[in-house]
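2 protein chains.
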Amino acid sequence: MEERLRTRIAQIPTPSAEAAQAAALRQEQLTKPQGSLGRLERLSIQIAGIQGRERPRIEHKTIFTLAGDHGVARQGVSAYPAEVTPQMVFNFLAGGAGINVLARQAGARVVVADLGVNYDFPGPNRPLDKKVAMGTADMTQGPAMTREEAAKSILAGIELVDREKDLDILGTGDMGIGNTTPSAAITAVFTGRSVAEVTGRGTGVDDLGLAAKVAAIEKALAVNRPDPRDALDVLAKVGGFEIGGIAGLIIGGALRRAPVVIDGFISGAGALIASALAPSVRPYLIAAHQSVEVGHRYLLEHLGLNPILNLELRLGEGTGAALAIMICQAAAAVLNEMATFAEAGVSEKEE
Amino acid sequence: MEERLRTRIAQIPTPSAEAAQAAALRQEQLTKPQGSLGRLERLSIQIAGIQGRERPRIEHKTIFTLAGDHGVARQGVSAYPAEVTPQMVFNFLAGGAGINVLARQAGARVVVADLGVNYDFPGPNRPLDKKVAMGTADMTQGPAMTREEAAKSILAGIELVDREKDLDILGTGDMGIGNTTPSAAITAVFTGRSVAEVTGRGTGVDDLGLAAKVAAIEKALAVNRPDPRDALDVLAKVGGFEIGGIAGLIIGGALRRAPVVIDGFISGAGALIASALAPSVRPYLIAAHQSVEVGHRYLLEHLGLNPILNLELRLGEGTGAALAIMICQAAAAVLNEMATFAEAGVSEKEE
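Protein chains in written order, with our numbering: chain A, 1062 to 1412; chain B, 1062 to 1412.
FYI, nobody ran anything at the bench for these hints, they're computed from the structure. Model, not experiment: these values are computed from the prediction. Among the hints, a few may not be true.
Distance condition first, Cα-Cα at most 16 Å in a straight line; then the derived EDC-like pairs of lysine to aspartate or glutamate [what the hints assert, rightly or not]:
{"#": "1", "chain 1": "A", "residue 1": "Lys1410", "chain 2": "B", "residue 2": "Asp1267"}
{"#": "2", "chain 1": "A", "residue 1": "Lys1410", "chain 2": "A", "residue 2": "Glu1089"}
{"#": "3", "chain 1": "B", "residue 1": "Lys1410", "chain 2": "A", "residue 2": "Asp1267"}
{"#": "4", "chain 1": "B", "residue 1": "Lys1410", "chain 2": "B", "residue 2": "Glu1089"}
Some chain A residues judged to face chain B by a derived CB distance under 7 Å, without partners named [claimed, not checked]:
{"#": "5", "residue": "Gln1166"}
{"#": "6", "residue": "Leu1372"}
{"#": "7", "residue": "Ala1394"}
{"#": "8", "residue": "Val1395"}
{"#": "9", "residue": "Ala1405"}
Note that the Cβ used here is the ideal one computed from N, Cα and C, for glycine as well.
Work out the full structure: start from the sequences and follow the hints.
Here it is, written out as structure tokens:
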């Protein structure tokens, strides 16, 4: 399992410097002061490099919303009961959740997959079955999963990307009651920040809930002693199945030369795992937004990513990624569709 | 002229507190932790109040790109020659400019109007004719325009909104070589900041150009002594025709109960004029983005507006407004389309 994962990671290509350079040159010829579309210009150049196309294409857009349950939820770390995980999966399948609405706005399809929900979905109305187990074990008592399961969850994410026929850009998303808890644990391990610094209120716990959450994470780290130099060890000891799956989506996206738009805090934890395991994914990453969750800032800093949006979101599901994909598509359209100074007969800057 | 303007301003309605409250209540019932869609939730509630609809509608979107020339451009305040103003107007009409590309992304139509370009547009391929004069006079030598012309430019903007058959939301935009100079002057007058603090590089002047720009604005303020308690006086002495037109778009939008998405620095200067002249427009304003132009921050502060995006834009034309309209539309879609807890059978927060 782990060997298969290493083999896939070794196949990640390098983005095309030529395509990126050609895109940068074209940006300079478009009818606007150079650099005046700021972040849009840089995004278009990054995407051109990733896709290896001077004129990037953003037609086929997929947001993957991966669900999993968490043994640690029993420690009172969430404002919602654990049965909300499968309930929200049904909401995704019915098209009524935030991610469905925002993905429709972005023209993106939503792929919903069960990476480890503690519920047996009846057919035929069910998520894609990538279940590793019926939820993780309680990480305050020992590892959340085995190392084998950790590798399996990542491979499951890669396979989800593999099965997409057409894919120009992808967004990551999550659902799992309790999952800001493992995400904060992972953030603490990789950034070296204290648990209190990186732990927020998630879906909205009160002060008591927040204290319980910090205590649970501190206990989990003390009990498990995850090794930050070994990403699979971190994922196994204090991670989650959907977080491993998200790490897989990122690796899968890089393998497909697709820009990977990372949603918020939980997706960011997946990105920490992916980028520790496979540093070659880094040029493929685009941070969708700055989450309200306090640890997210340190997480993005650690990854060297500057978020596109700051809309005070903290929903997850891929909602921020859907919005950011709209911006990426706009960035690509500028590069592809704007007239050049020569085409439009517009005078250039006076020297 | 001024009397007609005062009559229109007196007709501006108050947004509906009932519709806003109904929207806020509905947000609480949607399948997400309360407040977890942050800015999107607040935007949807603001738009509901503005439109007076519990379920806001964002189908008919128009971005108005208003063009004008500036006598002060002769003082070497811009990196581009003045003939670029009409050249870019032709680019807008041909669909090749940044605003055309981004408006297409937003599904918005672009209305291009000549408020005071120093060029006679030949028919039939021309902008809407709202020309007040062939560019402003050089404000370093005296008033940029007469008080009558200032009122006329604002009324022209209102009339542009009046003639839109269907309009659910509007964006403002500008084109005018040299127009960050009057915008900085207006910002200095209303915010009380020094000229040096609010003056940036516009389309990209070098250090010498920036010094010339600051000197020109200081001279214009000394020569004209605009009165910040009299917005028409400020517009006449150190403004521009497209800036007056934008103030008119804002008043016109408020009259139509349409949210007004203000683009960047030049549009912001128009908003300073509009909101000084007609404080009742304030609840209708949505700031699209934080511009790179240094004075924009103080301008937004003065208006009490928090920009939706920060993408390091400094192009104008309405490009930031087009992107922000996409976010507004997403915000409205969340309110209109998400399932409630009851509809989706999802458990609510544990108390």
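Right, here's what the structure says about each hint:
no., hint, in the structure
1, A:Lys1410 - B:Asp1267, "holds (12 Å)"
2, A:Lys1410 - A:Glu1089, "holds (11 Å)"
3, B:Lys1410 - A:Asp1267, "holds (12 Å)"
4, B:Lys1410 - B:Glu1089, "holds (11 Å)"
5, Gln1166, "holds (5 Å)"
6, Leu1372, "holds (4 Å)"
7, Ala1394, "holds (5 Å)"
8, Val1395, "holds (5 Å)"
9, Ala1405, "holds (4 Å)"
Comparing the model with each numbered hint stated earlier shows that all of them hold.
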